[in-house]
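Chains as they are written, first to last, in my numbering: chain A, 1 to 162; chain B, 163 to 324; chain C, 325 to 486; chain D, 487 to 648.
Hint data in this document are derived by calculation from the structure and do not stem from the laboratory.
Be a bit skeptical, because a hint or two may be false.
[Said to hold, decoys possible] Keeping only pairs whose Cα atoms sit at most 30 angstroms apart, straight-line, the calculated DSBU-like set for lysine-lysine is:
hint : chain 1 : residue 1 : chain 2 : residue 2
1    : B       : Lys188    : C       : Lys435
2    : D       : Lys597    : B       : Lys313
3    : B       : Lys324    : A       : Lys99
4    : D       : Lys597    : B       : Lys188
5    : D       : Lys556    : D       : Lys637
6    : D       : Lys512    : B       : Lys188
7    : B       : Lys188    : D       : Lys640
8    : A       : Lys111    : D       : Lys512
9    : A       : Lys26     : C       : Lys350
10   : C       : Lys350    : A       : Lys111
11   : A       : Lys153    : A       : Lys99
12   : C       : Lys477    : A       : Lys26
13   : A       : Lys154    : C       : Lys350
14   : A       : Lys70     : A       : Lys99
15   : A       : Lys26     : B       : Lys273
16   : B       : Lys315    : D       : Lys597
17   : A       : Lys160    : A       : Lys95
18   : B       : Lys261    : A       : Lys162
19   : A       : Lys111    : B       : Lys188
20   : C       : Lys475    : A       : Lys111
21   : B       : Lys273    : D       : Lys639
22   : A       : Lys26     : C       : Lys475
[Stated by the list, open to error] If you want a taste of the chain A side facing chain B, the calculated C-beta under 8 angstroms gives, among others:
hint : residue
23   : Arg38
24   : Arg40
25   : Ser114
26   : Asp116
27   : Leu118
28   : Phe119
29   : Asn120
30   : Gly122
31   : Phe127
32   : Gly141
33   : Arg142
Keep in mind that this is a model prediction, so the values were computed, not measured.
Quick reminder that beta carbons are idealized off the backbone N, C-alpha and C, glycines included.
Residues per chain, in single letters:
There are 4 protein chains.
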Amino acid sequence: MAIRIFITGGTFDKEYNELNGSLFFKDTHLPEMLTLGRSRVPVDVRTLMMIDSLEMTDTDRETIALNCLKTSEDKIVITHGTDTMVETARVIAEKVRGKTIVLVGAMVPYKFGSSDGLFNLGSALAFVQTLPPGVYITMNGRYFNWDNVRKNKKIGEFEKIK
Amino acid sequence: MAIRIFITGGTFDKEYNELNGSLFFKDTHLPEMLTLGRSRVPVDVRTLMMIDSLEMTDTDRETIALNCLKTSEDKIVITHGTDTMVETARVIAEKVRGKTIVLVGAMVPYKFGSSDGLFNLGSALAFVQTLPPGVYITMNGRYFNWDNVRKNKKIGEFEKIK
Amino acid sequence: MAIRIFITGGTFDKEYNELNGSLFFKDTHLPEMLTLGRSRVPVDVRTLMMIDSLEMTDTDRETIALNCLKTSEDKIVITHGTDTMVETARVIAEKVRGKTIVLVGAMVPYKFGSSDGLFNLGSALAFVQTLPPGVYITMNGRYFNWDNVRKNKKIGEFEKIK
Amino acid sequence: MAIRIFITGGTFDKEYNELNGSLFFKDTHLPEMLTLGRSRVPVDVRTLMMIDSLEMTDTDRETIALNCLKTSEDKIVITHGTDTMVETARVIAEKVRGKTIVLVGAMVPYKFGSSDGLFNLGSALAFVQTLPPGVYITMNGRYFNWDNVRKNKKIGEFEKIK
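Next comes chain A alone, as it looks inside the complex (with noise of 0.2 angstroms):
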């Protein structure tokens, strides 16, 4: 069964308005990244909404666990921004069962030439093929039990609690 990407918006997907000066979203990179990749491996990419996360409201994650529940896949990727990632893998871990879901981010925009995006890419869809049902932040070619990380805002990673 392919896996489910679910597009959310997030340092990611973000361009450079070059009118302006400022950072906005157009269209998700997912696809043009998965070419990148050679990926092969079967995706179903939906975009939820396309927002910084620091603007992400209850209602958004809401719709966000609300689609992870409804659609019939088991394995699911959501592209997410990082600072907010981890409230969101809370909403979602309330809700879902028995699904392997992972969140992933970028520090820095796909398009911009220092980005980690393709790396978390790599990394998220092997972990959410390999991991156990449970919800996930991968960050930092690691992965983390959605109640046992934060983001350190200093340094701009991601860590352990305890």
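For chain A, the structure is supplied; the task is to place chains B, C and D on it using the hints.
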């Protein structure tokens, strides 16, 4: 415990010689790639050789297998040219038991714009952390058991034999 | 005699701060860009300031003009934000005579994948070597006299006024 | 009047064939490069051939010179492999008078990360707009008269003969 990474060369690490237009090996780009991926996975990188896998000899494969056997780590990633990756996997599988060993390569050099290298490295590092002991090829976002994979040279992708 | 390059900041040199998602200035990328372009033009690079051209004050423009006046070279390239490039060109033109002075910028930061910076730098260095004394804007592969150019902010391109 | 751009191949346009690891020619990247550079210079691009300049025959050079002669534009940029660029410039100089003709190449293919191609194209387009009639080589940010330049193959740079 750290993950051991053995470098053997392959397309991954090829560079363009601008003086004569040929492709050649200098140093491995693995540390640079891990930095780009913001990887925080503890790794220990050692270069065993820097060759095109079409030029790899039986002795070279024995050397690789021997290093897998002797190193104290039980999780090992090997960067390798894709053309004979499956042969090397077989030699290792015959000699090494009880370790998770993942061979990974790239279709396009990391230094070229269209490389799959970073994606592949991300997935290899994830697979080696989660797969049970055994010898695997990881390419195209997927993993294959060493004895059930071949490179389809017409399309440049790995596929199951049966 | 060498060509003098003055750095003032602008989009050219902006970088992405992965800790807070903002754009900021660190060091200039000019030397790196000249190396990438295999430039063998003798140049002398000096950073005068590192600012967004929307924040450039009258005093800043005086400083730039003064440096153009005082430097011994008579061929000068100035990297500058595109938003107020034309204003700075006017201040320089009022104060400096007998030198070929070329202002150049970029619509997208050099470090981002889609930057026009390297193309613009190549053309600016060529124009400064071949144009007669005067103050020019060089963007979009073209050169403009300082008193006959404006930035069309709707499309992000420079165009002649008449 | 538009600038005529003739494509002849060379490193500029080489691509990496991921199926066999060789370098080859497909289509020219010139239009893509002009878009990246946000060029607004009116140009008319025509591909004359797509070959490595080491394989260029006398007939090929005659063809290029003939096209320069017959085209209505008097400003011409020719993309060309660097190895025999000087020979082609000589053949053109013998046949064509009264036009500004600039030959330009690259040391590294445009599609590879470390290419000088975009920088070189920017400078070639600027030089062709500003230099008096004649045949020139433009590389390394500089321009050379066709009869006073050679490629120093040891260091991969162009230099004056005397």
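Next on the checklist: Hint Arg40 (chain A) vs chain B: min CB-CB distance below 8 angstroms?
Outcome noted: Since the shortest Cβ distance to chain B is 4 angstroms, the answer is holds.
Item to check | Restraint satisfaction for Gly122 (chain A) [CB to CB of chain B, less than 8 angstroms] | outcome: The hint holds - Gly122 (chain A) has a Cβ within 8 angstroms of chain B, the shortest such distance being about 3 angstroms.
Next on the checklist: Would the hint on Arg142 (chain A) be counted as holding, given a Cβ-Cβ threshold of 8 angstroms to chain B?
Outcome noted: 6 angstroms, holds
Next on the checklist: Tell me if the straight-line CA distance from Lys154 (chain A) to Lys350 (chain C) falls inside 30 angstroms.
Outcome noted: This hinted pair holds, its Cα atoms lying about 18 angstroms apart.
Next on the checklist: Hint validation: Arg38 (chain A) versus chain B, beta carbon distance must be below 8 angstroms. Holds or violated?
Outcome noted: For Arg38 (chain A), the interface hint holds, since the closest Cβ of chain B sits about 5 angstroms away, which is under 8 angstroms.
Next on the checklist: For a C-alpha distance cap of 30 angstroms, please report whether Lys188 (chain B) and Lys435 (chain C) respect it.
Outcome noted: Holds: Lys188 (chain B) and Lys435 (chain C) sit about 25 angstroms apart, inside 30 angstroms.
Checklist entry - Quick one, are Lys26 (chain A) and Lys350 (chain C) close enough, alpha carbons at most 30 angstroms? => result Given that 30 angstroms is the threshold and the Cα spacing comes to 28 angstroms, the pair holds.
Checklist entry - For the pair supplied as a hint, Lys597 (chain D) and Lys188 (chain B), is the alpha-carbon distance within the 30 angstroms limit? => result Status holds; Cα separation ~20 angstroms.
Checklist entry - Taking only the CA atoms, is the gap from Lys315 (chain B) to Lys597 (chain D) under or equal to 30 angstroms? => result 23 angstroms, holds
Item to check | Cut-off 8 angstroms, beta-carbon criterion: hint that Ser114 (chain A) touches chain B | outcome: 7 angstroms, holds
Item to check | 30 angstroms Cα cutoff - pair Lys556 (chain D), Lys637 (chain D) | outcome: Holds. Lys556 (chain D) to Lys637 (chain D) sits at ~29 angstroms (cutoff 30 angstroms).
Item to check | Restraint status (C-alpha distance of Lys324 (chain B) to Lys99 (chain A) at most 30 angstroms) | outcome: 28 angstroms, holds
Violation of the numbered hints given earlier is absent; every hint is satisfied by the structure.
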